[in-house]
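Enquirer: Since chain E is already given, all that's left is putting chain D on it; use the hints.
If you read the sequences in order, they're chains E and D.
Okay, so the first sequence: first residue is 6 according to the numbering used here, each after it adds one.
Okay, so the second sequence: first residue is 6 according to the numbering used here, each after it adds one.
Heads up, some of the hints might be wrong.
Said to hold, decoys possible - Listed next, the in silico BS3-like pairs over lysine-lysine satisfying Cα-Cα at most 27 Å (straight line):
id, chain 1, residue 1, chain 2, residue 2
1, D, Lys270, E, Lys270
2, D, Lys190, E, Lys68
3, E, Lys10, D, Lys190
Just so you know, these hints were derived from the structure itself, not from any lab.
Protein chains: 2
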Amino acid sequence: MEAVKKDRCRLIAAATGTIPCDLSIENIRLVNVITGEIYPACVDILDGVIVNVRDSSVPCSSKKRIDGKANYLLPGFIDTHVHVDSTMMTPENFARAVMPWGTTTVISDPHEIVNVMGIDGMLFMLKSAQKEPLRHYMLAPPCVPSVPGLENSGCTFTEKEVGFLLDQPNVIGIAELMNYIDICKNDERMHQIIEEGIQRDVFLQGHGPRLTGNMLTAYRLAGIRSDHECRGTQEVIEKSRMGMNLNFKTSSLSNHLAASLQGIKEQRWKDNISLCTDDVHTRVILEEGHLNRVVRKAIEYGADPLVAIRFATYNAAREYGFRDLGAIAPGYAADMQLVSALDGSRPERVWIGGEEVGCVKEEETAVHLTTGNDSDKTSFTVHLDYLTAESDFELCAPDDAEETLVIYSRYDEPFHSSFYEKLPIQDGKVDITHDKDLAYIGVFNRHGLESKTISVIRNFKVTSGAFATTVAHDCHNLIMVYRDVKDALIAANKIKEMGGGFAYVENGKVLGSLQLPIGGLMSYLPCERLGVQVKEMEELVEQRCSGNWLLKLSTTALPALPGTIITDVGVLDGTSRKLIPQFRSKQKTE
Amino acid sequence: MEAVKKDRCRLIAAATGTIPCDLSIENIRLVNVITGEIYPACVDILDGVIVNVRDSSVPCSSKKRIDGKANYLLPGFIDTHVHVDSTMMTPENFARAVMPWGTTTVISDPHEIVNVMGIDGMLFMLKSAQKEPLRHYMLAPPCVPSVPGLENSGCTFTEKEVGFLLDQPNVIGIAELMNYIDICKNDERMHQIIEEGIQRDVFLQGHGPRLTGNMLTAYRLAGIRSDHECRGTQEVIEKSRMGMNLNFKTSSLSNHLAASLQGIKEQRWKDNISLCTDDVHTRVILEEGHLNRVVRKAIEYGADPLVAIRFATYNAAREYGFRDLGAIAPGYAADMQLVSALDGSRPERVWIGGEEVGCVKEEETAVHLTTGNDSDKTSFTVHLDYLTAESDFELCAPDDAEETLVIYSRYDEPFHSSFYEKLPIQDGKVDITHDKDLAYIGVFNRHGLESKTISVIRNFKVTSGAFATTVAHDCHNLIMVYRDVKDALIAANKIKEMGGGFAYVENGKVLGSLQLPIGGLMSYLPCERLGVQVKEMEELVEQRCSGNWLLKLSTTALPALPGTIITDVGVLDGTSRKLIPQFRSKQKTE
Numbered sequence: 006m007e008a009v010k011k012d013r014c015r016l017i018a019a020a021t022g023t024i025p026c027d028l029s030i031e032n033i034r035l036v037n038v039i040t041g042e043i044y045p046a047c048v049d050i051l052d053g054v055i056v057n058v059r060d061s062s063v064p065c066s067s068k069k070r071i072d073g074k075a076n077y078l079l080p081g082f083i084d085t086h087v088h089v090d091s092t093m094m095t096p097e098n099f100a101r102a103v104m105p106w107g108t109t110t111v112i113s114d115p116h117e118i119v120n121v122m123g124i125d126g127m128l129f130m131l132k133s134a135q136k137e138p139l140r141h142y143m144l145a146p147p148c149v150p151s152v153p154g155l156e157n158s159g160c161t162f163t164e165k166e167v168g169f170l171l172d173q174p175n176v177i178g179i180a181e182l183m184n185y186i187d188i189c190k191n192d193e194r195m196h197q198i199i200e201e202g203i204q205r206d207v208f209l210q211g212h213g214p215r216l217t218g219n220m221l222t223a224y225r226l227a228g229i230r231s232d233h234e235c236r237g238t239q240e241v242i243e244k245s246r247m248g249m250n251l252n253f254k255t256s257s258l259s260n261h262l263a264a265s266l267q268g269i270k271e272q273r274w275k276d277n278i279s280l281c282t283d284d285v286h287t288r289v290i291l292e293e294g295h296l297n298r299v300v301r302k303a304i305e306y307g308a309d310p311l312v313a314i315r316f317a318t319y320n321a322a323r324e325y326g327f328r329d330l331g332a333i334a335p336g337y338a339a340d341m342q343l344v345s346a347l348d349g350s351r352p353e354r355v356w357i358g359g360e361e362v363g364c365v366k367e368e369e370t371a372v373h374l375t376t377g378n379d380s381d382k383t384s385f386t387v388h389l390d391y392l393t394a395e396s397d398f399e400l401c402a403p404d405d406a407e408e409t410l411v412i413y414s415r416y417d418e419p420f421h422s423s424f425y426e427k428l429p430i431q432d433g434k435v436d437i438t439h440d441k442d443l444a445y446i447g448v449f450n451r452h453g454l455e456s457k458t459i460s461v462i463r464n465f466k467v468t469s470g471a472f473a474t475t476v477a478h479d480c481h482n483l484i485m486v487y488r489d490v491k492d493a494l495i496a497a498n499k500i501k502e503m504g505g506g507f508a509y510v511e512n513g514k515v516l517g518s519l520q521l522p523i524g525g526l527m528s529y530l531p532c533e534r535l536g537v538q539v540k541e542m543e544e545l546v547e548q549r550c551s552g553n554w555l556l557k558l559s560t561t562a563l564p565a566l567p568g569t570i571i572t573d574v575g576v577l578d579g580t581s582r583k584l585i586p587q588f589r590s591k592q593k594t595e
Numbered sequence: 006m007e008a009v010k011k012d013r014c015r016l017i018a019a020a021t022g023t024i025p026c027d028l029s030i031e032n033i034r035l036v037n038v039i040t041g042e043i044y045p046a047c048v049d050i051l052d053g054v055i056v057n058v059r060d061s062s063v064p065c066s067s068k069k070r071i072d073g074k075a076n077y078l079l080p081g082f083i084d085t086h087v088h089v090d091s092t093m094m095t096p097e098n099f100a101r102a103v104m105p106w107g108t109t110t111v112i113s114d115p116h117e118i119v120n121v122m123g124i125d126g127m128l129f130m131l132k133s134a135q136k137e138p139l140r141h142y143m144l145a146p147p148c149v150p151s152v153p154g155l156e157n158s159g160c161t162f163t164e165k166e167v168g169f170l171l172d173q174p175n176v177i178g179i180a181e182l183m184n185y186i187d188i189c190k191n192d193e194r195m196h197q198i199i200e201e202g203i204q205r206d207v208f209l210q211g212h213g214p215r216l217t218g219n220m221l222t223a224y225r226l227a228g229i230r231s232d233h234e235c236r237g238t239q240e241v242i243e244k245s246r247m248g249m250n251l252n253f254k255t256s257s258l259s260n261h262l263a264a265s266l267q268g269i270k271e272q273r274w275k276d277n278i279s280l281c282t283d284d285v286h287t288r289v290i291l292e293e294g295h296l297n298r299v300v301r302k303a304i305e306y307g308a309d310p311l312v313a314i315r316f317a318t319y320n321a322a323r324e325y326g327f328r329d330l331g332a333i334a335p336g337y338a339a340d341m342q343l344v345s346a347l348d349g350s351r352p353e354r355v356w357i358g359g360e361e362v363g364c365v366k367e368e369e370t371a372v373h374l375t376t377g378n379d380s381d382k383t384s385f386t387v388h389l390d391y392l393t394a395e396s397d398f399e400l401c402a403p404d405d406a407e408e409t410l411v412i413y414s415r416y417d418e419p420f421h422s423s424f425y426e427k428l429p430i431q432d433g434k435v436d437i438t439h440d441k442d443l444a445y446i447g448v449f450n451r452h453g454l455e456s457k458t459i460s461v462i463r464n465f466k467v468t469s470g471a472f473a474t475t476v477a478h479d480c481h482n483l484i485m486v487y488r489d490v491k492d493a494l495i496a497a498n499k500i501k502e503m504g505g506g507f508a509y510v511e512n513g514k515v516l517g518s519l520q521l522p523i524g525g526l527m528s529y530l531p532c533e534r535l536g537v538q539v540k541e542m543e544e545l546v547e548q549r550c551s552g553n554w555l556l557k558l559s560t561t562a563l564p565a566l567p568g569t570i571i572t573d574v575g576v577l578d579g580t581s582r583k584l585i586p587q588f589r590s591k592q593k594t595e
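Just chain E, with the same shape it has in the complex:
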């Protein structure tokens, strides 16, 4: 597959000196990620494509010349798995945020917005992505919702919706096939969806946390090509030996990069390793960078710089079958970055298709603020009119309840467990006032149903008030943790009013909020401005919840993960996919 449509006769004419090139970048040290060599060179570009990589002694006619000042010229970085909607930015603003950090291509999975808005959500993302030069390819989300029957999202995808999306321009595969359990059980629905991809011979992206042995083998045999969920050394060894494309990450949710790198240390060839950001926050992009940050971390963890750069360029391009991305050589897209050191730091200059994209000016940002707001369909996705009273947030117990299920928040990772505890029950309602380590947790459908689940969580560090958000993977129903039902109602109303986002309420007052009007997930603000708001919200949450972080809550409703999960359908075990009763009666405990 080629990313750039080329007028080959013009390129040949430029190579043979019949017509001039558009641009020559001279006096650079070329980082050849194909062979692993670094040598002085000049690079000539026409129509956004690299024509020559030549020695300075060879002349080339060119309309413009740039002195590279003996810096390194690398290919632009390619992020092999990212949820742009999780950055809370539109694809357009995301592009403007990451391009200056050297990212020139991303392969994204817009499954957050698609769970809310269905096909319209993906079309919005595709359209927004076209507004900036960043090469933004998307994968069609297959698990909408992630586990049908155990959660209710804004829509339900069959193979027809996936097939429709696969036929859209810039859609190059099926996004992370999260429900590996169904796939390995030969579930018909999932195999029909996979077949859409097999028929088109497109990429099938995996998601197999802790998968091993014959389950991993079965998952691979289904046609799944990749995984970005490696959490340990042995997992990396097993998956890489199978020839899976492994996307190592440091996301905002997890960092297993060091262990992952350890897994390939003794392996002679690492051609199938790439890097990704998965879920990454605005503030991190703003302050630390994008894929260059993962490159930097990999180098810090001991990876050879050239190897880390190859992961983020040539290997990534090959993973998706792009023959003209990820390297600097004749015929490749002129996606390049000039860096002063091979350490993942911010590049001096960045080009995509030969156009400089590195410097975003403030006045341009202002323009984009208004042009982004062009899709009415993206608004009004938060339907919570059924929540009107404080009592809507109370946890009612049956008459014979003896013990209440308590979700135990594992502070250091996203997987929770659960236990039964004897909690006081007052007037048929579970009372947690006696124990400051407990809070209510509720998931409220916001897609037109009135389904909700309220439970109790331990160790989540919310000691007063209510914390609410519509960012709750993958259905993005309203999820709340609260000590006080009055505050809970106020928080829900605030979320409703904003059309989605985050809110923190205490003692009847909204202490902080973050408006995300696009599907309750994204803002129209550019990174610089959104970053400030996100940071304020983060600091508030950290301060009020004893160091807990903003998106900790957001993965608690994702039944594709192992551990205890809460959705609008109930509390369940993510591994067995079974509902867990919220109460034990007196008879049962005897």
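Expert: Same frame as chain E, but now just chain D:
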């Protein structure tokens, strides 16, 4: 692209233990060409596909078990560029000859037979290839003839014929685009042909001997992906840095493997290197092997055995985009070989799609002898009725001829040069009887035209009689070297009578002949029998021509090569593509 259509649900059922596998190969040392590791394992197979690669402690239900006796299990070898028609065997017999040597996939270019028979020739090859389990993919020849206007073949291809062939099953790209000069000059015909490949996003195979600098760049920019003509270290460095797929070879015509390996020695990554045989003879296959022979030579020249094996397996599969060939892992085709040492020697056992193919029994050979002979279209391609008299083989000089062009045979490589010499002219005919180092050389159209060129060659080592063959790349007209016109007529008649092949005539007697009735290029005989005949013919040629070899003559008529070339149109310079006058007149030399 996947080579094997899979019933994924059955494979998953086998992996999860619901149904048994067909075959388990146990007690082997697995050579993992993906990661570069070797470890003990068992391999389970269902429906021709690898289900598990497992530790012996993990049980697997299987219908049949084989003890690998602690030998190495490697993927089968993949030949990335071969002209099967040049082996003089049908694809069916070729398969039976190479499979026992561990070759399980070949990507062939049938441009010899296509130059003779056009589309029918390729369809014959495709049909014959289907008769054996060898995975035989073909590329559509684009240069038919190699240089239009400078030679006359059996047909002329435009983009329509190439497009038609690209749409046939098992045709996966365009074969070697030999006329790089036309391509780099933006010749419209060649670019229309290339566009057929670009539109279908298929492989574009290159052929760029000694191409360098901006001509090489232009060739690459045309979309050409590979090259198998590297002759020197610097050439390899330049081409590999561009990301070209380089097919290193030891063919029967040339061996630049040592120099090629030297070129990549200092390069850290060698992912784009594969191995090929290009033109390889029956006798070599019979005695020394097929692609394993190239692997063996590479190791002898200093390549790390695992690296050489990776070239011949994983790299080769990736070159053509096969995701399920070239490695041993779940989901890959069960194309494997069991070897006692990692040195390219003959394997103990070979499987293709889980079926054992290593041992060809004599009685089966006899059966194939008859079944192969099913296409009448392949006969009667040698049209030489216009050659009836000894005088048809004489070299006539114009009245004012002062000097005669003499082709100088470069003994150690296929490229000839030429000079003018004062040769005696008797009765208007050039006489060479005085100089034993000279011979006549003639190319006679055999495709329905009566065009012919007769010249003089020095240093070809034919000292008496006539040596004739219809194997003359790529048009495969009749080419002859002779001292005696009587013998020449007899040789031509013998070739006519056989429907093509080789003949050596001396003093009016046919000393030896080799019948190649399929297009004048191939025999219906299997390798074991054809090999004996070829060897006899080779020994005869070596004996009569002072050590010259059988196919030396066969590249002398190929205008896509540099140096002096002779075709039915005239004597010409392959580099400039210009005809060279065969005589200098008195005026001109003054």
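Enquirer: Confirm or reject each hint.
Expert: Hints and how they fare:
Between Lys270(D) and Lys270(E) the CA atoms are separated by roughly 22 Å; this keeps the pair inside 27 Å, and the hint holds. Annotation: proposed proximity of Lys190(D) to Lys68(E) holds, straight-line Cα distance about 23 Å (limit 27 Å). Between Lys10(E) and Lys190(D), the direct Cα distance comes to roughly 21 Å. Compliance with the 27 Å bound is thereby established for this hinted pair.
The structure shown violates none of the earlier numbered hints.
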